[in-house]
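Novice: One-letter residues, chain by chain:
Number of protein chains: 2
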Amino acid sequence: MDAFDVTILGCSSATPAFGRYPTSQLVHMAGRYFLVDCGEGAQMQLRRYSIKFQRINHIFISHLHGDHFFGLMGLLSSLHLLGRTEPLHLYAEASLKEIIDVTNKHSRSVLQYPIVFHPLSYTESQVLFEDEKLTVSTVVVKHSIPCVGFIFTEKPKPRKLIKEEIEKYQVPVEKMEALKHGEDFVAADGKVIPNDVLTLPAMPSRTYAFCADTIYDEEIIPFIANADLVYHEATFMEDMRDRAKQTMHSTAKDAATIAKKAGVKKLIIGHFSARYKELGPMLAEAHTVFAETYLAEEGKKENV
Amino acid sequence: MDAFDVTILGCSSATPAFGRYPTSQLVHMAGRYFLVDCGEGAQMQLRRYSIKFQRINHIFISHLHGDHFFGLMGLLSSLHLLGRTEPLHLYAEASLKEIIDVTNKHSRSVLQYPIVFHPLSYTESQVLFEDEKLTVSTVVVKHSIPCVGFIFTEKPKPRKLIKEEIEKYQVPVEKMEALKHGEDFVAADGKVIPNDVLTLPAMPSRTYAFCADTIYDEEIIPFIANADLVYHEATFMEDMRDRAKQTMHSTAKDAATIAKKAGVKKLIIGHFSARYKELGPMLAEAHTVFAETYLAEEGKKENV
Chain A
110 MDAFDVTILG
120 CSSATPAFGR
130 YPTSQLVHMA
140 GRYFLVDCGE
150 GAQMQLRRYS
160 IKFQRINHIF
170 ISHLHGDHFF
180 GLMGLLSSLH
190 LLGRTEPLHL
200 YAEASLKEII
210 DVTNKHSRSV
220 LQYPIVFHPL
230 SYTESQVLFE
240 DEKLTVSTVV
250 VKHSIPCVGF
260 IFTEKPKPRK
270 LIKEEIEKYQ
280 VPVEKMEALK
290 HGEDFVAADG
300 KVIPNDVLTL
310 PAMPSRTYAF
320 CADTIYDEEI
330 IPFIANADLV
340 YHEATFMEDM
350 RDRAKQTMHS
360 TAKDAATIAK
370 KAGVKKLIIG
380 HFSARYKELG
390 PMLAEAHTVF
400 AETYLAEEGK
410 KENV
Chain B
110 MDAFDVTILG
120 CSSATPAFGR
130 YPTSQLVHMA
140 GRYFLVDCGE
150 GAQMQLRRYS
160 IKFQRINHIF
170 ISHLHGDHFF
180 GLMGLLSSLH
190 LLGRTEPLHL
200 YAEASLKEII
210 DVTNKHSRSV
220 LQYPIVFHPL
230 SYTESQVLFE
240 DEKLTVSTVV
250 VKHSIPCVGF
260 IFTEKPKPRK
270 LIKEEIEKYQ
280 VPVEKMEALK
290 HGEDFVAADG
300 KVIPNDVLTL
310 PAMPSRTYAF
320 CADTIYDEEI
330 IPFIANADLV
340 YHEATFMEDM
350 RDRAKQTMHS
360 TAKDAATIAK
370 KAGVKKLIIG
380 HFSARYKELG
390 PMLAEAHTVF
400 AETYLAEEGK
410 KENV
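For the protein sequence lines, the chains are A and B, in the order given.
Letter by letter, the first sequence follows residues 110 to 413 in my numbering.
Letter by letter, the second sequence follows residues 110 to 413 in my numbering.
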C-alpha cells in the first residue's frame with residue numbers, strides 16, 4: 110500500500126504560544142509532498158522534523174490570515190538559497206502574488222526557480238492537482254475572509270487478480286488490465302466469467318481532508334464524508350461559543366459534531382487559541398461527541 | 110547601576126539551520142526594550158525566553174534582507190491580537206512600509222495601534238532615539254543592499270558626591286547638581302574647592318554596538334571604538350573568504366580584527382552560515398586575533 114501520511118508542523122491559531130506553531134502541515138502520498146498552509150516558522154519545523162524542503166513541489170494556502178502564510182517568504186527564500194531550480198506550484202488567493210512580488214522587490218531577491226501561481230476560487234470547489242495516484246481538490250469553507258479547505262483523495266485502485274483463477278481460466282496477459290478495472294472475461298469458448306470470480310475488490314481509496322479555518326458548517330459534510338482522516342479546527346471550547354461565532358471559528362464540540370455527521374474514521378483537532386495552555390479539556394469536549402478525536406501533535410506523522 | 114543587556118534571539122544567517130534562528134535581538138536598558146532586527150520566528154523566541162512582547166516600543170531593522178525582517182509581520186500581528194494600543198516605533202528602510210501595507214491589506218488586518226514609521230538614512234549616521242539615559246544611533250555599513258548598524262550608548266553619568274566632603278565644606282543642596290556635572294565649589298569665604306575633592310568620577314557610560322551585516326570595513330571603527338560589547342557578524346570562516354567578499358559578509362577573523370582595532374572590551378560573533386554545524390572552529394579562528402570573542406548563544410542575556 111502506498112504511503113499516505115500527514116505531519117502537522119503547527120497547530121496554534123493566530124498567536125503562537127506554548128511552543129505551538131501557527132498552521133502548517135505536510136501531506137505526503139507515495140513520494141508526492143504537499144505543504145498545506147505555511148505559518149511563521151514552517152521552515153524551522155520542517156528542519157526540526159528532518160523533512161527535506163526540496164521535495165515539496167506544491168504549496169496550498171487556505172486563506173490570507175497571517176498565521177497561515179507568514180512563513181511563506183522565508184521558505185521561498187530558503188528554497189532559493191538551497192539551490193532549487195525546479196518550478197514550485199503555489200495555490201492561493203490571487204493577491205498573495207502581490208505580497209510576494211513587493212517583498213521580493215524591496216529585499217532585492219530574485220528567486221532562481223519559477224513560481225507557478227494558481228489563484229484559487231472561493232466560490233466553487235476546484236480540482237487543483239491530479240495524477241495517476243491522487244487528486245487534490247478544494248472545499249469552500251465559511252470564514253471571515255475567503256477560505257478553502259483541501260481534500261486529498263487517492264485515485265480508485267485496480268481490483269486484485271486471483272492468481273489461481275487467472276491460471277484456471279487461462280486469461281491472456283493483454284486482458285488483465287481490463288479485469289483489474291472490473292470487466293468480466295469472455296473465455297475462448299464464449300463463456301463469460303464474472304469479474305468477481307477472477308478478482309478481489311480493490312483496496313479502498315483513502316481520503317484526507319484539511320478543513321482550514323471555518324465556522325461550524327454542515328455544508329462541508331458531503332466533501333469530507335467517510336474520509337479516513339480529517340483535520341478540523343477547534344480554536345475554542347464551548348465556553349467561548351460567542352467568540353467562536355464572532356471570529357467565524359469552531360469549538361472542539363463543533364469539530365467533533367461535523368466529524369460524526371460525516372462518518373469520518375478519525376478526527377484531528379488543531380488551530381488552538383493561545384488562551385488554552387492545557388488541551389486535555391478541549392479533547393474531552395470533543396470526546397463527548399466523537400470518540401475517534403485526537404489532538405494535533407506537532408511533528409507526529411499520522412497515517413491516512 | 111542600570112541594567113543594560115542584550116538577549117540574542119537568533120544567530121543564523123540567511124537560512125535557519127541546526128535550531129538557530131535568523132537575526133533578531135532584544136536590547137534592554139533600564140526598562141527600555143528595543144528589538145533589533147526581526148527574523149522569522151522572533152516572536153516564538155521572545156515567548157521561549159519569557160520576554161514580554163508589549164514592553165517593546167521600538168523596532169530597528171538594519172536592512173531588508175528577509176532573514177532580518179521576515180518575522181516582523183507575525184510580531185506586529187501578535188502585538189495587535191494581544192491588545193496593544195500604544196504606538197510602536199519602527200525604524201527601517203522606507204520601502205518596508207509598502208510591504209507592511211500590502212500585506213495588511215490582503216490579510217484584511219487593521220492594527221489597533223499606530224505604527225510610527227521612521228525611514229532610515231543609508232548615507233549618514235543618525236540619532237534615532239534619545240532620552241535622559243540612552244542614545245541610539247546608526248552607523249552606515251557596507252553590505253550588498255543598504256544597511257546600518259545600531260549603537261546604544263548610555264548618556265554621560267553624573268559624578269558621585271563624597272558625603273563627608275560635602276558636609277565638611279557645607280555645600281548647600283542647590284549647588285549639588287552642578288558638582289555632579291564637574292563644577293568646582295566656591296565656599297562662603299570665597300575659597301574655591303576643586304570638584305575632584307568633593308566628587309568621585311562618574312561611572313563610565315556603556316556602549317553596545319550591533320554591526321549588522323557587513324563586509325570587513327575599518328570605517329566603522331570610530332563608531333564602535335572602546336565599546337563594552339560589540340556584535341559583529343561572522344557569516345563565514347577564512348576558508349570561505351571569496352564567498353564572504355562576494356556576498357559582502359565577514360569572516361570570524363574579520364570580526365575579531367575589527368574588535369581588536371576598535372579596542373572593544375568584548376565581541377560576540379553571530380550570523381553564522383548554515384554550512385557550519387559546529388561553531389568551535391569559528392570561535393578558534395576569532396581567538397587567534399582577539400581573545401575576548403564569544404559565540405552568540407540564543408536566549409542568553411549578555412550584560413553590556
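Derived from the structure by calculation, the hints contain no laboratory data.
The model shown is predicted, which means the values in this text are computed figures rather than measured ones.
Each hint should be verified, as a subset may be incorrect.
One copy or two, either will do: identical chains are not told apart, so a pair holds if it fits within one copy or between any two.
[Said to hold, decoys possible] Derived DSBU-like pairs (lysine-lysine); straight-line CA-CA distance at most 30 Å:
(1) Lys-410 / Lys-272
(2) Lys-374 / Lys-206
(3) Lys-370 / Lys-269
(4) Lys-277 / Lys-374
(5) Lys-272 / Lys-251
(6) Lys-284 / Lys-386
(7) Lys-410 / Lys-374
(8) Lys-410 / Lys-386
(9) Lys-264 / Lys-386
(10) Lys-354 / Lys-214
(11) Lys-161 / Lys-206
(12) Lys-214 / Lys-251
(13) Lys-264 / Lys-284
(14) Lys-370 / Lys-272
(15) Lys-386 / Lys-409
Novice: Run every hint past the structure and note whether it holds.
Specialist: Verification of the supplied hints:
| no. | hint | in the structure |
| --- | --- | --- |
| 1 | Lys-410 / Lys-272 | neither (35 Å within a copy, 70 Å between copies) |
| 2 | Lys-374 / Lys-206 | neither (37 Å within a copy, 47 Å between copies) |
| 3 | Lys-370 / Lys-269 | neither (32 Å within a copy, 77 Å between copies) |
| 4 | Lys-277 / Lys-374 | neither (39 Å within a copy, 89 Å between copies) |
| 5 | Lys-272 / Lys-251 | neither (50 Å within a copy, 73 Å between copies) |
| 6 | Lys-284 / Lys-386 | neither (60 Å within a copy, 57 Å between copies) |
| 7 | Lys-410 / Lys-374 | within (17 Å within a copy, 49 Å between copies) |
| 8 | Lys-410 / Lys-386 | both (23 Å within a copy, 26 Å between copies) |
| 9 | Lys-264 / Lys-386 | neither (40 Å within a copy, 42 Å between copies) |
| 10 | Lys-354 / Lys-214 | between (39 Å within a copy, 23 Å between copies) |
| 11 | Lys-161 / Lys-206 | within (25 Å within a copy, 34 Å between copies) |
| 12 | Lys-214 / Lys-251 | between (33 Å within a copy, 20 Å between copies) |
| 13 | Lys-264 / Lys-284 | within (21 Å within a copy, 90 Å between copies) |
| 14 | Lys-370 / Lys-272 | neither (40 Å within a copy, 82 Å between copies) |
| 15 | Lys-386 / Lys-409 | both (19 Å within a copy, 25 Å between copies) |
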